[in-house]
Amino acid sequence: MDVGLNGVGYQWQQQITAGLGGRLTGISLWGGYAARVRIAKGDAFSTGPFVFSQMVDFGPPGTEKLFIDTRAANIVLSAGDTFVIDLSDAVGGYGASSVPYAGGDLWITDPVFYTTPFNYTAAHGTSLRFETYMDAVPEPATWAMMIAGFGLAGGALRRRRAAVA
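Numbering of the sequence shown is given in the working numbering, commencing with residue 1 and proceeding in unit increments.
No wet-lab data here; the hints were simulated from the structure. Careful: at least some of the hints might be erroneous.
Computed list of lysine to aspartate or glutamate pairs in EDC-like fashion (alpha-carbon distance at most 16 angstroms, straight line) [said to hold, decoys possible]:
#, residue 1, residue 2
1, K65, E131
2, K41, D105
3, K41, D81
Label-pair ranges, simulated between beta-carbon atoms [unchecked claim]:
#, residue 1, residue 2, range
4, S53, R158, 44 to 52 angstroms
5, R160, Y133, 39 to 47 angstroms
6, R159, F67, 25 to 33 angstroms
7, D57, G155, 32 to 40 angstroms
8, D89, F67, 15 to 23 angstroms
9, K65, F150, 20 to 28 angstroms
10, V51, A156, 39 to 47 angstroms
All residues carry an ideal CB built from backbone N, CA and C; glycine is no exception.
Kindly generate the complete structure, drawing on both the sequences and the hints.
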């Protein structure tokens, strides 16, 4: 079941555990109006440094998901790494799910009422409604095998050319 989260005056952070290694190429979020979307490596509640920050316009409430391209930030994660999607400076709300995400918690802070953030997932059993997209980044051993393969192929071609001459 989907629910709404108030974004006006609140800062939300969804902690996520990467299931695959690679480069984070984008995220999709559900929401309404506009908000600042930031990404930080590490655990919630993060105060930065944020490796990605962009003001986005979700459109009117009820709009379907918005894809946010994060390729320029070159955020490379290993499987099991945690990162945070931070939403702040909102003029509307966000989409959430009443089925909690198992890989991390949703946090909220309100500078007016709360001096420290509290774990919203434990209190209300919700998580931010999101999707993440990754590009595979070859492991160092894969790079070494690929370079060795190019070297062997080049050597074979060179030897074949020398025998013809």
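Quiz prompt | Violated hints - listed by number, lowest first | solution = 6, 7 and 9
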